[in-house]
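In case you want the letters, here they are:
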Amino acid sequence: MGLLLSIKFHNPEFLGSLPGWTFGRLRPVHVNGVIFGSFTTTFLGLLYYYVPRLCGVRMYKEEWGWWLLWLWNGFIFIGSISFMMGYNSGLEAAEYEWPLNILRFVVLGLVGVQVVGTIFQRKERRFYVAMWYTVAALIWTLMNLILGGAVLKYAEQVNGVNSAALHGLYIHYVVGLWLTPAGLAIIYYFLPTSTKNPLYSHRLSLLGFWTLAFFYPFVGIHHYMYSPIPHWNQVIAVVTSMALIIPVWAVIVNWFGTVSGRWGPVLGGLDSDSYAAKFLLLGAVYYLLGCFQGSTEALFRLQQLTHFNDFVIAHSHLTVFGAMVNWVIGGLYYVWPRVTERKLWSSRLASWHLWLTIAGFTVMALGLTAQGFIQGSMLEYGANFVDTIKEMKPWWVTRTLAGATMDVGLLLLLIECYQTARQGELFQEEGSSTAGSEDEAIRSVPKRGWLENPPTVALVAGFGFFMLAVLVQGIIPFLSPGTRVTTVEDVVTKKQIHVADYTPLELRGRHVYIREGCWYCHSQYVRPVTGESQRWGPVSQTGEYAYDHPHLFSTRRIGPDLTRVGRKYGDDWHIAHHWKPREIVPDTIMPSFPWLFEPVKGQALPQLNEDGKALVAYIQRLGTSIGDWREGFASTRVTTGLALNPSPETRDELFALGKAVYDRRCIGCHGAKGDGNGPSAVWLDPRPRDFTRGIFKFRSTAGKDSLPTDADLFLTVTHGLWGTAMPSWQEISEHERLAVIQYVKTFSGRWQKEEIGQPIAITPEPPVTAASIENGKTSFHGKAICVMCHGAEGRGDGLLAAGLQDVWGHPVRPANFTLPAGAHGGVKLGHDGEHLLKTIMTGVGGTAMPPFQGQLTAAEVWDVVHYVQSLRVDAHVSELLAAGLSPTEENESRERIWASLSQAAGQGKIEKQVVQAATGSAMVLVEAGKR
Amino acid sequence: MAEEREKANQEEEYLYRSAGIRERHGRIPLWLQLVVVVLLVWSLYYMLEFWNAG
Chain A
-6 MGLLLSIKFH
4 NPEFLGSLPG
14 WTFGRLRPVH
24 VNGVIFGSFT
34 TTFLGLLYYY
44 VPRLCGVRMY
54 KEEWGWWLLW
64 LWNGFIFIGS
74 ISFMMGYNSG
84 LEAAEYEWPL
94 NILRFVVLGL
104 VGVQVVGTIF
114 QRKERRFYVA
124 MWYTVAALIW
134 TLMNLILGGA
144 VLKYAEQVNG
154 VNSAALHGLY
164 IHYVVGLWLT
174 PAGLAIIYYF
184 LPTSTKNPLY
194 SHRLSLLGFW
204 TLAFFYPFVG
214 IHHYMYSPIP
224 HWNQVIAVVT
234 SMALIIPVWA
244 VIVNWFGTVS
254 GRWGPVLGGL
264 DSDSYAAKFL
274 LLGAVYYLLG
284 CFQGSTEALF
294 RLQQLTHFND
304 FVIAHSHLTV
314 FGAMVNWVIG
324 GLYYVWPRVT
334 ERKLWSSRLA
344 SWHLWLTIAG
354 FTVMALGLTA
364 QGFIQGSMLE
374 YGANFVDTIK
384 EMKPWWVTRT
394 LAGATMDVGL
404 LLLLIECYQT
414 ARQGELFQEE
424 GSSTAGSEDE
434 AIRSVPKRGW
444 LENPPTVALV
454 AGFGFFMLAV
464 LVQGIIPFLS
474 PGTRVTTVED
484 VVTKKQIHVA
494 DYTPLELRGR
504 HVYIREGCWY
514 CHSQYVRPVT
524 GESQRWGPVS
534 QTGEYAYDHP
544 HLFSTRRIGP
554 DLTRVGRKYG
564 DDWHIAHHWK
574 PREIVPDTIM
584 PSFPWLFEPV
594 KGQALPQLNE
604 DGKALVAYIQ
614 RLGTSIGDWR
624 EGFASTRVTT
634 GLALNPSPET
644 RDELFALGKA
654 VYDRRCIGCH
664 GAKGDGNGPS
674 AVWLDPRPRD
684 FTRGIFKFRS
694 TAGKDSLPTD
704 ADLFLTVTHG
714 LWGTAMPSWQ
724 EISEHERLAV
734 IQYVKTFSGR
744 WQKEEIGQPI
754 AITPEPPVTA
764 ASIENGKTSF
774 HGKAICVMCH
784 GAEGRGDGLL
794 AAGLQDVWGH
804 PVRPANFTLP
814 AGAHGGVKLG
824 HDGEHLLKTI
834 MTGVGGTAMP
844 PFQGQLTAAE
854 VWDVVHYVQS
864 LRVDAHVSEL
874 LAAGLSPTEE
884 NESRERIWAS
894 LSQAAGQGKI
904 EKQVVQAATG
914 SAMVLVEAGK
924 R
Chain B
1490 MAEEREKANQ
1500 EEEYLYRSAG
1510 IRERHGRIPL
1520 WLQLVVVVLL
1530 VWSLYYMLEF
1540 WNAG
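So the protein sequences, as listed, match chains A and B.
Here our numbering is used: position 577 in the first sequence is 570, and no number is missing along the way.
In our numbering, each residue carries its 1-based index in the second sequence increased by 1489.
Keep in mind that the hints were calculated from the coordinates and are not lab data.
Treat the hints with care, as some may be off.
As the list claims (entries may be wrong) - The calculated label-pair distances, taken between Cβ atoms and stated as ranges, are:
no.	chain 1	residue 1	chain 2	residue 2	range
1	A	Trp60	B	Leu1529	43 to 49 Å
2	A	Gly254	B	Leu1529	28 to 34 Å
3	A	Ala649	B	Leu1529	56 to 62 Å
4	B	Ala1542	A	Gln600	22 to 28 Å
As the list claims (entries may be wrong) - Here are a few chain A residues that face chain B, going by a calculated C-beta distance under 7 Å:
no.	residue
5	Tyr193
6	Val228
7	Ala236
8	Trp443
9	Arg614
On a predicted model such as this, the values are computed, not experimentally measured, just so you know.
Every residue gets a Cβ at the ideal spot worked out from N, C-alpha and C, and that includes glycine.
Construct all of the structure, not just a fragment, from the sequences and the given hints.
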């Protein structure tokens, strides 16, 4: 399963057209399959071997084992099928639905009863370290399954940030309080038995166990660092993660000390015990590396660089496969010949298995670690996200090859087990040098300390530390009112506003988002580091997640973060992207989702079905609760490009670069010929620009459909066009943007035939006054006849609006000035005064919007600009009032909104009356909205 | 004398008969004890320094 998933990273269409075989559906099959399938199943088998031997009695209720075997395998099999069918709770590592959760809990609970029952009946005087870990692992995990399967799923109050905090604990309890102690139990039992040496140090065993039991329960929040989870909880997670170096180094010293004096026989041995020891020691090396990686990556600075990327995957594979799985394999090599009473069939096969594992897994672990640093560094230096994905593809091919190598090794193990059982020589347990005889005098040893009593292990380490950590890292933050707020700070006005609950349609979309596993690749929180607020939008706030149950923070970014994706693109872009992603973003590795569309009839364009519509509605909602932040996100006042005057040499270089940029980022919509007929164009409304006619919407040059300057094109490319499929490209380098502009200009002969006019003169913006707005309104309704297209209230619903077409014959909608940034039908380049002035003066190329330069004086245009801005300011204030803005803060808010749109207002050149007089109109808009 | 007693203590073994595992009482190397102390001191410093830094 891991191999199939790995292939999808570099060949995203692989198995892609079937709903059950997408990355999002198979990912939980892989992760849970490794944790509960390959590791836990083998661990339970080994537990039935070592627990009776360490207790000196037969397993309590031994006959249960047969039933538990089938129930457990049923759980694994049905669970995997359920994931492929789309049953997913949305909580990583806790994805199973309730019947499967109950089944898993029952099996592990009954195993726990068997273990405890055996301990009660034991004849062995002392309680060996492997038993400490076994008891603690079962107690921790049974409690953790209640946390993940019941509390996180059904306690509606545990939502948003608190859901993430508790879930962080849950995830790491699966790793640190199940896989780790269970794995440690295995190596602690099988290393001394397979190397036939005494365990090096009981004291180290105590140090390792108790420091692990104390520190590990606190670390889980390191999965969500820099999120809105309280900072002090994150600090505790960092400190305890680093403190885990203590138990890890303690057990490593203990194990290598155990082998001391026996390295020759172990490494040179060809029997099953030697291979058991080799795999156990191999796992120990990976454990040391993986855990050091895990501890240090919790540090804030390293989190910035490595979180969300393959460095984390390197860590999880180093620990889970490298250590845990190799340990149970080691145990299997030891036990299998004994239970089948046959010697290992082929030491050569075992040797191949070992070396294929070492070769494959070392390449995988090193590669993934390097990938993490590479991608993290690229993003820190401001690279486009999809570019970093493209950079990863060759590495992912290497990972696939490494994984295939490991899989061959595992296949050899299967053959080995099968052949050993069938054809191995008869096995006879040799007298072990460690076993000693019953009569051997045992020297007086220190009395068994209370730290190793079963009740202490169970009650203090098992229950006590677990509950303490849940209290500190889960319950106390939950009780803190600051984590349960339903308000956020409006980005523009800095005032508190309420967050609206999801609509039924958005909730359905959220369900689809969870079902399809979108959250395995897309995170939903913007961190205040590595330029994420420049890349995706404002940093996440606690209140934004108030209605998220479960939270969808996610731990991985195979695709971009989606916290602020709402209104970044039009719906049409999302539809095209879900139908054939690579037609619109050639380098993406996102799967296509044809099952979110109605069955295609003939040549008709596929239409979203109800699930698809809901998903798009949910996506468009994301990140929009914090006010109209996008208005000021990408500036319309960029000036780079104006001075570009490439020499013949640099022009060639720019042309080559521009073509490369165009082929990767523009061709899907604008087409190879630049005629606006890219493969995705049929989905898009408005249609992508046809560059062959050399007509562009937004220009600073005078005259109808005049050629734009490079600076004009640079502005459009940088800013994007809101409400359309044209995104902002501020993420790619300035050089790339300038280059692609040069390439775009080659599609039309106009650039060779015509001179580019000088940009129009921009007169300084006069103060914003009530008179200016009133004059602008008069012009809007009269001399400038804007009202005919844009409507009496500037909502784009004038008398002529319905029949307007551009020069290509495509329908055109006049802008609705009242809509927020990015809303479909609103302005495309913002409400910034200078931009509006230029647009009024030069018109909108290729549309019915004429240039008004010459028809209106500069002062009159500024008046119209102020009137248009006032429409948006009023609408914005009404949106805030509807979201709970205190009426006493209305004027101040209005002033700040004006300052964000108007340079004059930003300099304080705004009449008090403008801020105060419009109060009534905003209230009218609120009332109108309610009606 | 104390050193000899400590050495003897470290080399004491316990046999888990049914499992055939021998276990030394053993020791914790000095360097590891130092690691423990350093990490605990660092943890204290880190918490005091960054508790309210977010």
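These are the hints, each one checked on the structure:
{"no.": "1", "hint": "Trp60/A to Leu1529/B: 43 to 49 Å", "in the structure": "holds (47 Å)"}
{"no.": "2", "hint": "Gly254/A to Leu1529/B: 28 to 34 Å", "in the structure": "holds (33 Å)"}
{"no.": "3", "hint": "Ala649/A to Leu1529/B: 56 to 62 Å", "in the structure": "holds (58 Å)"}
{"no.": "4", "hint": "Ala1542/B to Gln600/A: 22 to 28 Å", "in the structure": "violated (51 Å)"}
{"no.": "5", "hint": "Tyr193", "in the structure": "holds (5 Å)"}
{"no.": "6", "hint": "Val228", "in the structure": "holds (5 Å)"}
{"no.": "7", "hint": "Ala236", "in the structure": "holds (6 Å)"}
{"no.": "8", "hint": "Trp443", "in the structure": "violated (16 Å)"}
{"no.": "9", "hint": "Arg614", "in the structure": "violated (27 Å)"}
The structure is inconsistent with the numbered hints 4, 8 and 9, although it conforms to all the rest.
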